[in-house]
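With the hints as extra help, turn the sequences into a complete structure.
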Amino acid sequence: MQNRELVIIGGGPAGLSAAVEARKLGIKDVLVIDRESEPGGILKQCIHTGFGLHIFNEELTGPEYAERFIEEAERLGVEIMLDTMVLELTADRRLVAINSREGLVEIKAKTVILAMGCRERTRGAINIPGFRPAGVFTAGTAQRFVNIEGYMPGRKIVILGSGDIGLIMARRLTLEGAEVQCVVEIMPYSNGLIRNVVQCLEDYDIPLLLKHTVVNIHGRKRVEGVTIAEVDDDMKPVMETARFVSCDTLLLSVGLIPENELSRMTNIEIDEVTGGPVVNQRLETSLPGIFACGNVLHVHDLVDYVTQEAVLAARGAALYLASGSKKYEHIPVVTGDNLRYVLPQRINVDAVLEGKVNFFMRSVRPMAKAELFIESEWGVIKSRTLRHVRPSEMISIQVSRDEMIGSEIIKFRLQEEGGRVEHGN
Amino acid sequence: MIDVAIVGGGVVGCMIARKLSRYQLKVVLVEKEDDVASGTSKANSAVIHAGYDAKPGTLKAKLNVQGNPLYDEICRELDVPFKRIGSLVVALNEEEVNVLEELMERGKNNGVPNLEIINREKLLEMEPNITSESRAALYAPTAGIICPYELTIALAENACLNGVDIKLNSPVIGIRAESGGGLSVETPGEIIHTRYVINAAGLFADEISRMAGAEDYSITPRKGEYLIFDRRFGDIVNRVIFPSPTKISKGILVCPTVDGNFFIGPNSNDVREKDDVSVTLQGIEEIVRGARKLIPRLPLMHVIASFAGLRAVSNTNDFVIGASKKVRGFINIGGIQSPGLSAAPAITEMVVDILKEEGLELKEKSNYNPGRPQINKFRLFNNEEKKELIRRDPVYGRVVCRCETVTEGEIIDAIRRPLGARSLDAVKRRTRAGMGRCQGGFCSPRVMAILARELGIDPLEVTKCGSGSEMLKGRTKEFIETGGVKSAK
Ligand SMILES: Cc1cc2nc3c(=O)[nH]c(=O)nc-3n(C[C@H](O)[C@H](O)[C@H](O)COP(=O)(O)OP(=O)(O)OC[C@H]3O[C@@H](n4cnc5c(N)ncnc54)[C@H](O)[C@@H]3O)c2cc1C
Ligand SMILES: Cc1cc2nc3c(=O)[nH]c(=O)nc-3n(C[C@H](O)[C@H](O)[C@H](O)COP(=O)(O)OP(=O)(O)OC[C@H]3O[C@@H](n4cnc5c(N)ncnc54)[C@H](O)[C@@H]3O)c2cc1C
Chain A
1 MQNRELVIIG
11 GGPAGLSAAV
21 EARKLGIKDV
31 LVIDRESEPG
41 GILKQCIHTG
51 FGLHIFNEEL
61 TGPEYAERFI
71 EEAERLGVEI
81 MLDTMVLELT
91 ADRRLVAINS
101 REGLVEIKAK
111 TVILAMGCRE
121 RTRGAINIPG
131 FRPAGVFTAG
141 TAQRFVNIEG
151 YMPGRKIVIL
161 GSGDIGLIMA
171 RRLTLEGAEV
181 QCVVEIMPYS
191 NGLIRNVVQC
201 LEDYDIPLLL
211 KHTVVNIHGR
221 KRVEGVTIAE
231 VDDDMKPVME
241 TARFVSCDTL
251 LLSVGLIPEN
261 ELSRMTNIEI
271 DEVTGGPVVN
281 QRLETSLPGI
291 FACGNVLHVH
301 DLVDYVTQEA
311 VLAARGAALY
321 LASGSKKYEH
331 IPVVTGDNLR
341 YVLPQRINVD
351 AVLEGKVNFF
361 MRSVRPMAKA
371 ELFIESEWGV
381 IKSRTLRHVR
391 PSEMISIQVS
401 RDEMIGSEII
411 KFRLQEEGGR
421 VEHGN
Chain B
1 MIDVAIVGGG
11 VVGCMIARKL
21 SRYQLKVVLV
31 EKEDDVASGT
41 SKANSAVIHA
51 GYDAKPGTLK
61 AKLNVQGNPL
71 YDEICRELDV
81 PFKRIGSLVV
91 ALNEEEVNVL
101 EELMERGKNN
111 GVPNLEIINR
121 EKLLEMEPNI
131 TSESRAALYA
141 PTAGIICPYE
151 LTIALAENAC
161 LNGVDIKLNS
171 PVIGIRAESG
181 GGLSVETPGE
191 IIHTRYVINA
201 AGLFADEISR
211 MAGAEDYSIT
221 PRKGEYLIFD
231 RRFGDIVNRV
241 IFPSPTKISK
251 GILVCPTVDG
261 NFFIGPNSND
271 VREKDDVSVT
281 LQGIEEIVRG
291 ARKLIPRLPL
301 MHVIASFAGL
311 RAVSNTNDFV
321 IGASKKVRGF
331 INIGGIQSPG
341 LSAAPAITEM
351 VVDILKEEGL
361 ELKEKSNYNP
371 GRPQINKFRL
381 FNNEEKKELI
391 RRDPVYGRVV
401 CRCETVTEGE
411 IIDAIRRPLG
421 ARSLDAVKRR
431 TRAGMGRCQG
441 GFCSPRVMAI
451 LARELGIDPL
461 EVTKCGSGSE
471 MLKGRTKEFI
481 ETGGVKSAK
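Top to bottom, those sequences are chains A and B. Heads up, the first sequence is in full-length UniProt numbering, so the first residue is 1 and it goes up one at a time. Heads up, the second sequence is in full-length UniProt numbering, so the first residue is 1 and it goes up one at a time.
No lab work stands behind these hints: they were computed from the structure. No experiment lies behind these values; they were computed from the predicted model shown. Cβ atoms here follow ideal geometry from the backbone N, Cα and C, with glycine treated the same way. Misleading hints may appear alongside valid ones.
The calculated lysine-lysine pairs, modelled on PhoX-like cross-linking and capped at a C-alpha distance of 20 Å, are [as the list claims (entries may be wrong)]: (1) A/Lys108 / B/Lys477; (2) B/Lys274 / A/Lys221; (3) A/Lys156 / B/Lys477.
With the Cβ distance kept under 8 Å, some of the chain A side facing chain B (calculated, not the full set) [what the hints assert, rightly or not]: (4) Met85; (5) Glu149; (6) Ala242; (7) Arg243.
What follows is a set of in silico ranges between Cβ atoms, one per label pair, in the way DEER data are often shown [what the hints assert, rightly or not]: (8) A/Thr241 / B/Ser487: 31 to 39 Å; (9) B/Arg292 / A/Val364: 26 to 34 Å; (10) A/Asn3 / B/Lys83: 39 to 47 Å; (11) A/Asn57 / B/Arg453: 41 to 49 Å; (12) B/Ser487 / A/Thr61: 16 to 24 Å.
Here it is in structure tokens:
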């Protein structure tokens, strides 16, 4: 059994940023464990630019963004254990991990940061009817084939779902000489960032079919085509509108799910809406000494936010190591009208670091203009006007401790201003 | 000259192959797909039925009840998981309670042991998630669950070890009686001369029979669709839960799997094509509706896959088993619909008797091995065992499929075993890599790389399930050279 100060599970941008910050804060023994043979997480396969705009004021590629943190981590003496899969985690922070060199490794950690990232939703999760031939891939798997392995998963492609990975793959595959027939989206708006819709579809004349879905997959051995149809307001396909689209590949970009299998093992409290742990202002989970950040906590669209969050988790861990477990009284953070979730889900106002809390939230639908209200039992404590609110783009707002002090409850709600918009772009 | 040629590598064909491999015989099994268990035997309810369902006097009833108890020994010898968890038929109203009485009576007639009708309280105690509208249930403790493709593969591996020649990718395209006696079986690659042919071709048994000039019967495909759920919810039921049966089917069940998941299904609809295993929107709705009657709160957000299987329904609506009266040496095993899996061991015994009657001499081999090489199922090992396994062979320290914790060692083993895997699906059926909640999203590129390396083939040649199902379409840059690049406006 090894004894460790801080073990970070996952060596993506979340885990690496947390490790760097932890070393800067003076934690000597920082171990990052990742199951892949290289650190960097999902960024290794994101060779497009657009990373780091907030943090570095630069447009970096995924590998470049990751590299900055990998180098920093190495310089600061972070230990990174690669090709190693964590199989077990207990509530009292004991871990079991395996690799080929050391076999089975048992570790007792004083603090743990969960940074396992997320996985993609699959065909099963959305129940697409039809045959089960080769040629149905998630967009992320296709991205790995193209960008890391150097293979094309298909030549004539339909993409279901307009999440960012799907949009980016539409452009990438087009540049590689494949024909992307269309991107099919069941919602009346895209699920990706506007800049990706413009730069990946519009610039290449790839049609985005909103309020449409795939209702059948054809082909016994390999995909031969799909049937797509319009959906009505209840998202039920209107079969009269069904038409066949010939293709050899269907890519799915239908959402990400935080990878919390290890967290569930510990019986950590999970928020069924975010799919990640319930956390407080220090990103501490319901289990003392276990923190979470990045996509394992909730799905992010910008890596810069991931890094910010990881820094906070590292500070939480450092405080925990310095002062030990302290029982906090938390007040609830309530998700009100028009919001899907708000994070953190609870706070202790007195223990707020640096006098302010960064709240992250997502709207339930697009709005051209909206007013965000933050309320306590005393009434509105803060409000802000937001333009072009979209479910795909996370809203972030800082609230200072002084604004919240004395409250028993903090509630966020979004109110639409003006007429309702159906189409976000 | 071959002694026996078996057509079809489903559970029936493979179990017969294994049985015959204990005798001094030359046996060949031909299968049209790239792996055994590629037909109905991979997509069914996986229940070893107790045997109260089938009409007394039918072959289905007799062979089900005879087959069920034989499973303990088969699974022990082959190290295949089999759990006798029992089944419950649930009655939701008075009328259905009467049906339970009838079923119990029928079961007793068929010879099913230990049947019992339990009341609502007992039922809710045994199955807390079951609908509060339930009245009573028929409890059959001898029913069990198994993994039907793992069983079929294990049978084939054992047959292979004991000298049966298993020819994959070999569709039978002609069968002829030869003038000097015996039969010739034609595949695209060769002609096999044999004394006996056993037709275990599942949905296609009628066509094989006709091809040989033997008895004429017809098989209609009847589809059953399923939804399978994330392992996290595997304990929603503890036993096989049936609704009260109707005239045409056993109904939509809620059932645990031996691997710890649970599934709902199947429905029952005749279809035109024998390879139509597509899942339909209506079908999914139908099974969800059906299953909700038993378990009102289903975690529908956590479905990981849907699939369909086809029952081979003969025009007699019973198994068609027997030596042909028209073609000497040709033996039919047709119409093996449910409970064909449960009945397979008894079907096997029956076929061996038929072969004896038809003049085949059965002499035991001295070196028959009833087992197969051990499989290291890493996820089921405890930490000490894991440690020891990785120490012995470091490739077991590398996890390839994260959802099911399948290691590289297991994948290499699946490829190198007797009747080794040649495609992604074949690896999946042997190891569970790709069967978890992410359905291969993470591991399929990794499994493909291992397959290519082990088989010495190009990654472009790696298939999902045999020729025509290649996973990749080309190398990057290749299409640009041939196709032309679209550039941004
Ligand atoms: C296609 C795509 C395009 C994007 N585009 C942009 C963009 O343009 N700009 C931008 O800012 N952001 C973008 N993002 C978002 C951003 O990259 C992600 O939000 C960020 O990478 C998440 O970081 P993470 O560390 O939480 O997760 P990950 O990067 O997924 O890292 C998690 C790590 O944990 C490891 N791990 C998990 N479980 C275990 C275990 N049990 N044992 C050991 N190791 C484990 C994994 O191997 C992985 O390395 C994009 C994302 C994608 C997918
Ligand atoms: C929806 C459903 C639910 C079921 N549930 C149960 C259950 O719970 N319990 C139970 O006991 N039974 C059940 N069954 C029945 C059981 O699955 C079948 O009885 C059993 O799998 C039949 O096995 P088989 O070997 O006869 O057929 P198959 O598994 O179909 O094997 C036939 C093989 O022959 C091959 N073949 C066909 N034509 C040729 C050719 N020309 N040349 C070479 N090879 C050929 C095929 O590729 C196939 O591999 C169910 C069936 C279905 C469809």
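Hint check results:
no.: 1; hint: A/Lys108 / B/Lys477; in the structure: violated, 48 Å
no.: 2; hint: B/Lys274 / A/Lys221; in the structure: holds, 15 Å
no.: 3; hint: A/Lys156 / B/Lys477; in the structure: holds, 15 Å
no.: 4; hint: Met85; in the structure: holds, 4 Å
no.: 5; hint: Glu149; in the structure: holds, 6 Å
no.: 6; hint: Ala242; in the structure: violated, 11 Å
no.: 7; hint: Arg243; in the structure: violated, 16 Å
no.: 8; hint: A/Thr241 / B/Ser487: 31 to 39 Å; in the structure: holds, 33 Å
no.: 9; hint: B/Arg292 / A/Val364: 26 to 34 Å; in the structure: holds, 27 Å
no.: 10; hint: A/Asn3 / B/Lys83: 39 to 47 Å; in the structure: holds, 41 Å
no.: 11; hint: A/Asn57 / B/Arg453: 41 to 49 Å; in the structure: holds, 44 Å
no.: 12; hint: B/Ser487 / A/Thr61: 16 to 24 Å; in the structure: holds, 20 Å
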